[in-house]
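Chains as they are written, first to last, in the numbering used here: chain A, 742 to 1311; chain B, -14 to 115; chain C, 197 to 509.
By construction, these hints were calculated from the structure, which means they are not laboratory data. Keep in mind it's a predicted model, so treat the numbers as computed, not measured. For every residue, glycine included, the Cβ atom is placed at its ideal position computed from N, Cα and C. Keep in mind that a hint or two might mislead.
Below, computed lysine-lysine pairings styled on DSBU-like, alpha-carbon distance capped at 30 Å [as the list claims (entries may be wrong)]:
1) Lys64/B to Lys231/C
2) Lys1034/A to Lys935/A
3) Lys59/B to Lys1246/A
4) Lys239/C to Lys418/C
5) Lys1271/A to Lys423/C
6) Lys852/A to Lys942/A
7) Lys470/C to Lys484/C
8) Lys59/B to Lys199/C
9) Lys476/C to Lys448/C
10) Lys470/C to Lys967/A
11) Lys64/B to Lys214/C
12) Lys59/B to Lys262/C
13) Lys64/B to Lys267/C
Quick look at which bits of chain B chain C covers, simulated, 3 or more residues with Cβ under 8 Å [claimed, not checked]:
14) 13 to 23
15) 34 to 43
16) 60 to 73
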Amino acid sequence: MSNNTTNVNQEKKLFDREVIQEIEAQKEHWQQNTVKGKVGEGQYYSDSGIPVNLLYTPDDIKDIDYLKDIGFSGEAPYVRGVYPNMYRGRLFTVRQIAGFGTPEDTNERFKFLLKNGATGTSVVLDLPTIRGYDSDDPEGEGHVGAAGVAIDSIEDVEALYDGIPIDEISSNIVTHLPSTTVVVMAMFAAMAEKKGIPLEKLSGTNQNDFLMETAIGSSLEVLPPKASFRLQCDAIEYASKNLPRWNPVSYNGYNLREAGTTAVQEVACAIANAIATSEELIRRGNKIDDFAKRLSFFWNLFNDFFEEIAKCRASRLVWHEVMKERFNAQETKSHLMRFHVQTAGITLTKVEPLNNIARSAIQGLAAVLGGAQSLHVDSYDEAYSAPTEESALISIRTQQIIQAETNVVNTVDPLAGSYFVEKLTQEMAQRIRDYIAEIESKGGLVSVVESGWLHREISDFAYEMQKDIESGKHKIVGLNYFPTEQRNTKVEVFRYPESAEKRQKEKLEKLRQKRDQAKVEAAINVLREKCHEDVNLMPYIKDAVLAYATLGEIEEVFREEFGLWQFPLA
Amino acid sequence: MQVKVVMAKLGLDIHWRGALVVSRMLRDEGMEVVYLGNQFPEQIVDAAIQEGADVIGLSTLGGNHLTLGPKVVKIAQEKGVDALIIMGGVIPEDDIPLLQEAGIAEVFGPETRIESIAEFIRSKVKNSIA
Amino acid sequence: MEKLTEYFDTKDDVSLGKLLKEVENQTPISFEILKHSSMRKGKAHIVGITGPPGSGKSTLVSKLCKQLAAKNFDIGVVCIDPTSPFTQGALLGDRIRMQELAKTPNVFIKSLATRGNLGGLAASTADIVQVLDAYEKDIILIETVGVGQVELDVLGVADTVVLVNVPGLGDTLQTLKAGIMEIANLYVINQADRPGANESVKDLNMMVRESGKTDWKPPILKTMATKEEGIEDLIDQIFQHKNHLEISGIWKEKRQIRNIDRLNSMIQSLLSSKVEEYIKKEVVWQRKVQEVREGKADPFTVSHEIVNSLVNK
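Work out the full structure: start from the sequences and follow the hints.
Spelled out as structure tokens, the structure:
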């Protein structure tokens, strides 16, 4: 595709050199005569700190070689989209997270969402589950079934997906941490096999990002970065061999961004993690094309509309470069950056909550213009509580409006060719490459987590952002820009089913009584030994869940065998 | 006199951004902030005792406020700690009166100016056992 | 004041917390607390942990406490962090690295801000330690600020000084050499799995040899605090140093010196406040001070006149 002999490069540029010279001369004239002295002359910046000009013209993108730097959809370098026909071929998946109470409670919400047009399930787990504690663990008090659904054993996974056609629609499981992922993924696979569904038929995504455990989220008992990273890789390696349609990782730029980074840092850290994963899996004897096609990403779209679109485009470009140049991946699918988008929870306000519908719609539109594969639009009441059925429905409707009423899905990458968007895409890509290089110069992603460097980057950003909000430099409508008089809006909040903790504990109690304790202990002991060997732990975890070992029991093995790590904060 | 704040993430709650940003900004307001990270009620109160805290700040986003918040107050009362106990995070409006009844002095939502948290603290804190 | 005795007699954490709060804030009642506690001399071995930023002091202290607590020692910890010179506020973040101690009942941690004091400690550190000692702690660990400057204050408070370094801090060693290198009784190379650890040990060995100390040759230890390795050795050496102090009589001597230092500093501050009051009371002295201010009288003569007059009264 790219004929890049340097001396003919000139001819491949988008614009003729003479035309550019003419434009540059005229632009200078325009600057001096028409613009000078007018309001708004000075420098503006994007949210990532990229300078934004008053006006963009062809000379801003004069060095772009269209075929080499932009190309066509479904072809390298994939700036315009990973699939040739994009949304005409398949609309983005409408995904709304659900998860609260017991698995039975969430199962009902799944069915409600599917009936109303959701095209896949997406489940969020409660904190004890994410943190590797059973529902009857004292550490989990007050959290069981609260901000997600409680999962203790394979029985819970069976209840969660009861009556859901998991061989037909995709199942997104927001496991966050690798330690949770390996257990829940093992439960999911074992459940499918028990139902007679072949693993090849399962499609879906796990989050599985060691940064969630060690940098983004804090907790009392955290596995060391190296151990958490190992489990992340175990899940990816296992799925690439056994669940060919499963995405065993969704590199979580989203939560990095919510915690406090720029759009550039968000993408760079996620790609740096994918690079580290690839290096580790190659060390284990896998080939890049065995697993690269199963790596997926998770972006957060804020309100800086064009920057976010440029980010999506730039992320595809950089990923393609990494796969082609660094890893020499041969299969097309390995070069495709596929990503899920969730609109930015942290941009939602508690004041005048209905404004959040507008914010989420704009962010959702940016995701579609950026070529996302699936989308979750935040509900307007998320600054109050988990979404109610009513607000979750508005989120689905927002996506359906984008799909069916705006016509933006009818043509691929419609903003391509905008001088501004193309320039910004190039600029974002360069900054992403630079930040990846900075991480690698400090020893790579695992090292910058161990040293606390990444935590400081996040903390500093969040601190500066808060100062900018308080000073009014960063404008938020209703809060510091046209602040509202009406401070306390009545919003109907979603109430977690109160009896969930009790019901979940009862189920667990019964399970502990009826299962074959010797079988559980045997499986746990094997797993314990294998933690110290250079092997993939997934088969041993699956054996344990089939013996009805609980999530907390399995993760206790990790905590004991890998030890705990002190979170380098302050 | 310098105000001393013990700041903690309540229980298993994951998100550290809010608590740390508030800690750094209360420092900018001239306070001494002991940052605990994640802790459970008993340990939070113990830290407040050892540090001689004037204020206990609890941060939560995980929906555990109604169980663990009042528990901190109860343990503090049992142990004779008279620190001002405040809470921040995503908390439903309807729960605020319940928390206040339980002894949480004030609940701050995600959009609170840190300055106003500092003002509230200064207006309430009294120092010295004498 | 009977109430104070009660506070000391109950020996519970709540009372101790309240006493320390007064002392930390130097409230009027803190004078009484210190007076009271100074005659309740305990037996605490006071260990200062100092070293540059990033050397892992907090983690080391955490692991020391964990193992000492397991041996049933009653432990006091004083951690010092810098006060912002611009806002007077401080972020005291040592507890985050000591989270594993939260459920350990025999560890009492007090975080202090420097509040403008230079030299690596907060002004109230010695007082805080004194109260902890009166509460019969077995061992008190003081973690200095560690901002990279020479932090000599810890010498005046601690019986045993541990200097923590990490491999590859060669330049830092050079700058520290002149000051704090001379004072440490124990050297620790933490994060000893990093490259350069053996070189650092060699450098230190050379320095220790050059310093020519004879009665106590400071040992040089390697630790990996995050992995809890080398901690037992360190504890062992800390106790050996204590033993050395006791046998050589330095233990007793240090405490006597500290008592006298305390007396002297109390006299000085008392005297200067008395002088201040005296000047305020007498118009004639106020006039003299004014003359010094305007350069009409010399401070040498006037200071003698004022103090002599007060003393002769």
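Identify every previously stated hint that the structure contradicts and give their numbers, smallest first. 9 and 10
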